[in-house]
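Enquirer: Letter by letter, the chains look like this.
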Amino acid sequence: MADRYAQPGEYTPTEAMVIYAARFLKNFDGKKGLIGTGLPLVATQLAKKLYCPNMIIFVETGQYDANPPELPISIMDSRITYGSSWQMGDPEGLFPLSRDEIDFGFIGGAQIDKYGNVNSTFVGDDYNKPFKRLAGTAGAVDIGVFARTTVTLMAHQKRRVVEMVDYLTTPGWMVKKWPEGDLVRREELGLQGGPSAFVSTLGIMQFDDETKEMYVDKLFPGVSSAELQESTGFAIDVSRATETDLVLVEEVRMLREEIDPLNIYRMR
Amino acid sequence: MADRYAQPGEYTPTEAMVIYAARFLKNFDGKKGLIGTGLPLVATQLAKKLYCPNMIIFVETGQYDANPPELPISIMDSRITYGSSWQMGDPEGLFPLSRDEIDFGFIGGAQIDKYGNVNSTFVGDDYNKPFKRLAGTAGAVDIGVFARTTVTLMAHQKRRVVEMVDYLTTPGWMVKKWPEGDLVRREELGLQGGPSAFVSTLGIMQFDDETKEMYVDKLFPGVSSAELQESTGFAIDVSRATETDLVLVEEVRMLREEIDPLNIYRMR
Amino acid sequence: MQSKVVSLQEAIQEIQHGDTIFFGGIVENRRPVAAVCEMVRQQKRNLVLLGTCSIPGDLLIGAGCLGAYRGCYSSNGAFGISPNMKRWSEAGNLIIDDIGHLDLSLGLLATMAGCPFIATKSCLGTDVLNPAYDNLDKARELARNQDILPRKKYQLMEDPFFDMGTVQLFPAIKADVCICHVQQAGEQGTARIDGSLTFDHFAVHAARKVIITAEQVVPEEYLRQDPNRNQIPCTSVDMVVEVPWGGHPGQVYNFYDMDIPFLQDYAARCATEEGFQQWADEWIFDVKDHEGYLDKLGASRLERLRAIPPYGYVPRSKGGM
Amino acid sequence: MQSKVVSLQEAIQEIQHGDTIFFGGIVENRRPVAAVCEMVRQQKRNLVLLGTCSIPGDLLIGAGCLGAYRGCYSSNGAFGISPNMKRWSEAGNLIIDDIGHLDLSLGLLATMAGCPFIATKSCLGTDVLNPAYDNLDKARELARNQDILPRKKYQLMEDPFFDMGTVQLFPAIKADVCICHVQQAGEQGTARIDGSLTFDHFAVHAARKVIITAEQVVPEEYLRQDPNRNQIPCTSVDMVVEVPWGGHPGQVYNFYDMDIPFLQDYAARCATEEGFQQWADEWIFDVKDHEGYLDKLGASRLERLRAIPPYGYVPRSKGGM
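Residue numbers (the numbering used here), protein chains in the order written: chain H, 111 to 378; chain U, 111 to 378; chain E, 4 to 324; chain Z, 4 to 324.
Isolated chain H (complex conformation) (with noise of 0.2 Å):
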């Protein structure tokens, strides 16, 4: 049985990300997902394979109950219309956030910040002469606002997971309201749902129920609550972490054989 698992070192912190968030996913099995462009679909994809076949995705171009052939290249890629049960356009694969049937949205992000809001607008303290800009809202705000809940993907690094994030993209539990910007929780805005985890390259965040606050859930195999801290831009709780059960080889060869032979998302 020890062959069963893969040991660190035989998988890359983003092949263990992944696998770890898709196995997050099954919670969600025979729910609804709208997955965001990047990790996530191939999370999703190697999820639907080992743990949620009934999982229900819809994608933000507007395919409904996609079924992608092979992997896509991004979510834009149409790749995901041939199988889907319908092919809209943008407003289409919105407007089921809005209209309240989404039960997780899955996204990445540039920044994540101990209330779990993300920015993938811009880097800087300058909206108008940003450090780094980035590609902007897309479904990301949409996703933090209307979604049940919320995962998202990222590396974990200093620079990315930060005590508050320059750009309030996705809403996470703590939100600004308008037109002062004063912080609140996201339930202040009539905002239902939150983000439930953040899984990172070294473990899996959660937010604590009282202070809305991240905290360590679980260290990937191998990760030292040093290293984490090490990694994150605020002291962040480590005390509730355990370790997770280790990688599996299948998922490990699902990921590189199956899903992205030709290591199109460069996982590897």
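Treat the hints with care, as some may be off.
[What the hints assert, rightly or not] Derived CB-CB ranges, DEER-like: (1) U:K141 <-> E:E144: 40 to 48 Å; (2) U:K141 <-> Z:S10: 24 to 32 Å; (3) H:E320 <-> U:D292: 52 to 60 Å.
[To be verified] Result set (DSS-like, lysine-lysine): computed pairs, CA atoms no more than 25 Å apart in a straight line: (4) E:K212 <-> H:K142; (5) Z:K141 <-> H:K239; (6) U:K268 <-> U:K322; (7) Z:K155 <-> H:K239; (8) H:K159 <-> H:K136.
Keep in mind that the hints were calculated from the coordinates and are not lab data. Ideal Cβ positions, reconstructed from N, Cα and C, are used throughout, including at glycine.
Got chain H; can you put chains U, E and Z on it based on the hints?
Expert: Relative to the frame of chain H, chains U, E and Z by itself:
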């Protein structure tokens, strides 16, 4: 040349109404019209064949540039689908109105008043127990609100051509401003357009530039001013009335042999 | 995804007394007549009908199933005002709340887009906005699920964006149940419509429970080879029922044309209460179910209605009426 | 109806400096790249781009055609942030007004439905509503036709209909010009799209002037045999241009897949100003026109991209990337 013209008695009053309406549509060759159900549909078919082949027809069940191969039984008849540029549903069929694409709307109704307001909702003085319940608003509201102008077709009877409609379905020149319901000029509500003509079984009525009240512009052959006044529910200005050109034999033939050979619309 | 195919009886059993309902199709085009006959058999009560009337709504009114109607068109088209609707409303026995055709479209559009309301000039100047004719509250009182209907009919406000002046805020239109009759549906609920979509493509997203009756149930995979040609996604559908000729006596584009003598007979007989009762006995109760209805119509009568390609109906040059 | 078919040069000449523009397609899917290359050749100036960026917007930025961008996504998908957009905005040389993806959808929906605004919760809680990041006025100042842009970005209000609390009123999105690249168009302008419609089916109703570039111009009658399968009606189209491979290096579903090496090369070279200038000389100016661009690509390279039925792209099992 005498046999080019049909004499009153060789066609019915309804046929006269449809034929003169078709001629009136000459004004709209190359223009975009949204056509209501019933006789407007017949007059439009006649007009397209004889006078304005380049008129572009929209129908509120969602056909754009409709070119039905044979006369539809109503605007909901699927005879309108084949040959049209686009077939969507009722919302898309109406949006050209609210987008301000429609040069003219063409409707029937149960009552018309001296300001060209049309009623197709109910007759009587108790909305909750009407003397006569009618079909309801349908596109008649929207055509009156949004089209750049409207043409109305209706049998000329005292109970139909009235001082003030029992229910204002299609706004004419003087309309109701809510919440009080004061009668105001339509432009006061920011509504463009207004009715250009009411074509009846007796003549063609237009609206005074100043007072916005209906007057008789044309009498059909064989119809006297007195007869028209007798069939009108208010004192109508007949001082400007002249007689129309005679009906053409070809118009009657086209209507009877090509447009509605089975007399579906009971015009004769 | 599991099959959603059920019998017509099973599907209609899901409708509760007092439900707010919406029917696909319009006037004589693609209306769920067979489904409504089954509703009459199951004697649903106190329903609130949204949208348009014609045969389906008219049957419910005649059979005493309907408490209120909120919509924009209550005509059987070329066959006159819906006769039971006319009789009941003129007797003061039906709550009616008239809205505009564009209102209906925008209300469903708003719900489809997940928005609570939308701004328009759609009814300015007309009696649709007349407070004296506002029966929304009466309809709301009847509804089992009152939250589904808005608190008020409309609100006026100044447009802050384009200097358009006063506009009308019109609320979303939502339903408990939507029944659409379509040409083809897959067993998971994906559906394909030919001809006018009427309101179906919006309404299926505006109802908590969606029943699709289809001329044919086809393999889901077949429809998924060209998802651009489908109008209803499986994710918005709860039940699928195969009901051939389910829109008779109306037309179903590419399948059959309308049955004009039947429609004329309906209009004539339903002009009186007794006439309607006889009609309902003959065509709803005595036939027991839709198969009985079809057998009573007879195969040769139905064959004469079958659509001819490429037109999708029966051209008059080919014996159509 | 007269034919609307014109040459690409003629169509693009209709675009004026300072126009507010919208492009169909998204990221690598069905984007009007050939049309934009011609815009660059004709050196349009001070344009305001609405919607999304990727190659078309990025080319306009690099070539100095764009003054402002109001949209929701400025990425070339798998090939990184649109490189000219990134360089220009990080240098502080581009006005950006970020809105949400649903905002964009609802703004176009409102325009399509002829409504001035619509209510939503779409950006509550986020920095999209941050007044400090509101650059709408700056974009408006640049636009030739200022009335096309709303007076303000949004307004908050209490929902009067469903007790939803505070909602955001979001204004209609309108454009001077919309260019869509589609699979097939008739000579009168009716167009058929395969795969994601992106925003095209709304945007063509939101622009004063609509240019359709199509892989094939087909007989109008052919498309009118199944009007349910068309996505763009002739009445909303002003010009039709036949531009085979007009979406290269992106993909056009059922016609061809994306040209990945080309996209990677673009991303790499456009990371610098000099790199972009060289790229533009090579692929826009030196080739003179779209025919020159295709000849430079070469027939065999294009053939390798041709879509395989029934998938509509080149599956990796058949040599796709």
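Enquirer: So, against the hints stated earlier in the document, which numbers end up violated here?
Expert: none
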